[in-house]
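Enquirer: Each chain is listed here by its residues.
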Amino acid sequence: MSKSKPLKKSPRTTGHARFKVGDRVRVKDLPNLFYSRTQMYVRGVVGTIAACTYQDVIPEDEAFNRDGRLEQYYIIRFRQKDLWPEYPFDNDTVQTESPERWLEPAEK
Amino acid sequence: MSHTHKPGDGGAERHAAPMVEEITDFEVLEIAVRELAIEHGLFTAEDHRRFTEWTESIGPAAGSRLVAKAWIDPAFKARVMEDAVRACKEIGIDWAEPTGFGTPSDYMNLRVLEDTPTLHHVIVCTLCSCYPRPLLGMSPEWYRTTNYRRRLVRWPRQVLAEFGLILPPEVELRVEDSNQKCRFMVLPVQPEGTENWTEQQLAQIVTRDCMIGVALPRPGRTADIHPVQKARRPVQSSEHSGEPAHEHDK
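Protein chains in written order, with the numbering used here: chain B, 86 to 193; chain P, 2 to 251.
This is chain P alone, in the form it adopts within the complex (with noise of 0.2 Å):
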């Protein structure tokens, strides 16, 4: 934060004024620590900008890609859950890269949590935001917020209902906390009305919500839709459509 003077206004201090006025001490941490590597010339800037750039860009197409294969290869979904790191790399995600000890995933272990009819996981991490970083990439704000985090371990159902998510009472629903070192996954049961669907097709309809364990997939909803909708003002109602509201995906 810069205090600059303009000519003429009698020395007054003028600010860019910051919307958050407080930098917490990790993040003067990160920054100290990262100066002092690019001094001693660990990394270059540049390289820092790049690593970033890489990890923000992601993305949850892998994950969507090994619930596809698994569903239609049981051979490789028993792969996946008796060595789940392993597996990710018949998809082409090495765990270990760019850096050899696992970063951005901070540890090389990975649970696939399997779905079934009387069984639905969804994933938390009550201490901070762990997260499997190299099949879903960065994770959504809301997962990082300490409202979720401390909700879904209480009341996970009202939770979920929150997202849209009501599941029947005698389903048991298995909140899965990533308080340690393992990374988890939903691995969601296959719709009906998808039974011929090639892996592509399949791998559309897996979101990035539906790895979480906070939505499930359906026929017809895509990562490629856009949920756009026009916000109905219920004062102003001269275009008012008739059309039942339609479901909001969060």
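Next up, chain B with everything else stripped away, as it sits in the complex (with noise of 0.2 Å):
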């Protein structure tokens, strides 16, 4: 996974991110609001940041022409068998990308 870059000065931005690559991180179960791509089969699930992305706008606001603060987004690495206990196989991993606010610090 290439490196994070600096992120980018705007008034709209907390100006740093909250979590680096390798904390572990714990997806919120929050409501859904009329619009999210917080996927279901991640809520609650604890997973490793695996890249700093970019900031921009949440999606719960962009879905409705809001002009949102931008936020941090990561891409959280998943253990499949965290997902699914059934998963028959420990190496395989899944990833996805999520925007600051739905992520909670985990415990090691």
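No wet-lab data here; the hints were simulated from the structure.
A couple of the hints might just be wrong.
Stated by the list, open to error - With a straight-line Cα cutoff of 25 Å, these simulated SDA-like cross-link-like pairs (lysine to any residue) come out:
#  : chain 1 : residue 1 : chain 2 : residue 2
1  : B       : Lys105    : P       : Ala79
2  : B       : Lys113    : P       : Arg151
3  : B       : Lys166    : P       : Glu171
4  : B       : Lys105    : P       : Glu173
5  : B       : Lys105    : P       : Arg87
6  : B       : Lys166    : P       : Glu163
7  : B       : Lys166    : P       : Leu120
8  : P       : Lys90     : P       : Glu200
9  : B       : Lys105    : P       : Glu115
10 : B       : Lys166    : P       : Thr119
11 : B       : Lys166    : P       : Ala162
12 : B       : Lys166    : P       : Trp156
13 : B       : Lys105    : P       : Met109
14 : B       : Lys105    : P       : Met82
15 : B       : Lys166    : P       : Asp116
16 : B       : Lys166    : P       : Glu115
17 : B       : Lys113    : P       : Cys129
18 : P       : Lys78     : B       : Ala135
19 : B       : Lys166    : P       : Arg150
20 : P       : Lys78     : P       : Ala62
21 : B       : Lys166    : P       : Val172
22 : B       : Lys166    : P       : Phe164
23 : B       : Lys166    : P       : Arg151
24 : B       : Lys166    : P       : Pro170
25 : B       : Lys166    : P       : Pro118
26 : B       : Lys105    : P       : Arg80
27 : B       : Lys166    : P       : Pro169
28 : P       : Lys78     : B       : Ala136
29 : B       : Lys166    : P       : Arg152
30 : P       : Lys78     : B       : Arg162
31 : B       : Lys166    : P       : Arg158
With the hints as a guide, bring both chains together as one complex.
Expert: Below, the structure is given as structure tokens:
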């Protein structure tokens, strides 16, 4: 995975990423208000930050053309076994992307 | 759908019978927005047709070139892994073309997923059909199906097996769900037996499916080969050639 780029300065950004590559995070199980791109299959599951990608408006705002603040996005890596306990191959993984508000720190 | 009356048919309605009865809300919305844009002079119907023709003609050749160049040029590969959108300009692909804001890529974030002998990537968009279109063109039909999108995340090895790709258990299979604004393509491992090949030769074996991750590049299998095979009819076996069945490339 390529290394993350420095964040662009923007009046609408918080200017820093809360998580870094390698951090353990849990995907929050927030209610879906009209629109979300945070997949149900990762809700409540702990994964590892694989990349800090970019800052952008969140889908929940963008879907309704709301000029929300920019937020840091991350690629999170999950073990298949953590998503589906009966998954038969230990090494296999899934990665999805999420904006910061859907993530909370998880214990190592 | 127009209703026409044939003289002498007693006024009974005759239809050009559609294969599919329904038009989705999104299709209606697209037509409405397009017609409004044309009425307001933002673009012409001819512009729209040309743009559609262009987007549908892009194809995966640029992606094949990117992979081949990355295989033979480690410095280029490093630039691809650092900033793939910028590296694309070196092979003549500008993600901002032609609008300046990323159409037909939707978003200008590309990450290239490098396979190793112990790690294999495959891409999916579980939400819809996000795909690195400036490099690979339009996505294949099966890539957009709910079947592929649902099952690749949950049963990836079974899905790959249906494409004829069976990975050893010790290889980590990593499914990349492009559910946000990043677009992904796979950089496969250069196959053995191609060590002294030119960039042009290498590009020939990097087919579209290799860059999605449902196939592996192999010497001898190129994008130019048409997988035309006679279907065998088990009942009428008089033309049975006796040759072993060839691999069927999806």
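Enquirer: Now tell me if each hint is right for this structure.
Expert: Hint-by-hint comparison with the structure:
1. As the CA atoms of Lys105 of chain B and Ala79 of chain P are separated by approximately 22 Å, the hinted pair is consistent with the 25 Å bound.
2. Taking the CA atoms of Lys113 of chain B and Arg151 of chain P, the gap is about 21 Å. The hint holds against a cut of 25 Å.
3. Of the supplied pair hints, the one linking Lys166 of chain B and Glu171 of chain P holds, its CA atoms being roughly 15 Å apart against a limit of 25 Å.
4. In summary, the hint linking Lys105 of chain B to Glu173 of chain P is supported, as the alpha carbons are separated by about 23 Å, within the 25 Å threshold.
5. At most 25 Å may separate the alpha-carbon atoms for a hinted pair to count; Lys105 of chain B and Arg87 of chain P meet this at roughly 24 Å.
6. Taking the CA atoms of Lys166 of chain B and Glu163 of chain P, the gap is about 22 Å. The hint holds against a cut of 25 Å.
7. Between Lys166 of chain B and Leu120 of chain P the CA atoms are separated by roughly 17 Å; this keeps the pair inside 25 Å, and the hint holds.
8. For the hint pairing Lys90 of chain P with Glu200 of chain P, the CA-to-CA distance comes to about 17 Å; that is within 25 Å, so the pair holds.
9. Taking the CA atoms of Lys105 of chain B and Glu115 of chain P, the gap is near 21 Å; set against the 25 Å cutoff, the hint holds.
10. Restraint check: the Cα-Cα separation between Lys166 of chain B and Thr119 of chain P comes to about 18 Å, which is no more than 25 Å; the hinted pair holds.
11. Between Lys166 of chain B and Ala162 of chain P the alpha-carbon distance is near 20 Å, which keeps this suggested pair within the 25 Å criterion.
12. With a CA separation close to 12 Å, the supplied pair Lys166 of chain B and Trp156 of chain P stays within the 25 Å bound.
13. In summary, the hint linking Lys105 of chain B to Met109 of chain P is supported, as the alpha carbons are separated by about 22 Å, within the 25 Å threshold.
14. The suggested pairing of Lys105 of chain B with Met82 of chain P holds, with an alpha-carbon distance near 18 Å, which does not exceed 25 Å.
15. Distance check on the hinted pair: Lys166 of chain B and Asp116 of chain P sit about 21 Å apart at the alpha-carbon level, within 25 Å; holds.
16. The straight-line distance between the Cα atoms of Lys166 of chain B and Glu115 of chain P is roughly 23 Å, inside the 25 Å bound, and the hint therefore holds.
17. Taken as a hint, the Lys113 of chain B and Cys129 of chain P pair is honoured in the structure, with Cα atoms around 22 Å apart against an allowance of 25 Å.
18. A distance of roughly 20 Å separates the Cα atoms of Lys78 of chain P and Ala135 of chain B; the hinted pair therefore holds under the 25 Å criterion.
19. Distance hint between Lys166 of chain B and Arg150 of chain P is fulfilled; the C-alpha atoms sit about 19 Å from each other, no more than 25 Å.
20. For the given pair, Lys78 of chain P sits about 17 Å from Ala62 of chain P by alpha-carbon distance, which is consistent with the 25 Å threshold.
21. For a cut-off of 25 Å, the pair hint linking Lys166 of chain B to Val172 of chain P stands: about 15 Å separates their Cα positions.
22. Proposed proximity of Lys166 of chain B and Phe164 of chain P is supported: the alpha carbons are some 23 Å apart, at most 25 Å.
23. Of the pairs offered as hints, the one joining Lys166 of chain B and Arg151 of chain P holds, with about 17 Å between alpha carbons and a cut-off of 25 Å not exceeded.
24. Restraint check: the Cα-Cα separation between Lys166 of chain B and Pro170 of chain P comes to about 14 Å, which is no more than 25 Å; the hinted pair holds.
25. For the given pair, Lys166 of chain B sits about 22 Å from Pro118 of chain P by alpha-carbon distance, which is consistent with the 25 Å threshold.
26. Using a Cα cut-off of 25 Å, the hinted pair Lys105 of chain B and Arg80 of chain P holds, with the two alpha carbons roughly 22 Å apart.
27. Between the alpha carbons of Lys166 of chain B and Pro169 of chain P the distance comes to roughly 18 Å, so the proposed pair stays at or under 25 Å and holds.
28. For the suggested pair Lys78 of chain P and Ala136 of chain B, the alpha carbons sit about 18 Å apart, so the restraint of at most 25 Å is met.
29. With a C-alpha separation of about 16 Å, the suggested pair Lys166 of chain B and Arg152 of chain P falls inside the 25 Å cut-off, and the hint holds.
30. Distance hint between Lys78 of chain P and Arg162 of chain B is fulfilled; the C-alpha atoms sit about 23 Å from each other, no more than 25 Å.
31. Distance check on the hinted pair: Lys166 of chain B and Arg158 of chain P sit about 14 Å apart at the alpha-carbon level, within 25 Å; holds.
Checked against the numbered hints above, the structure violates none of them.
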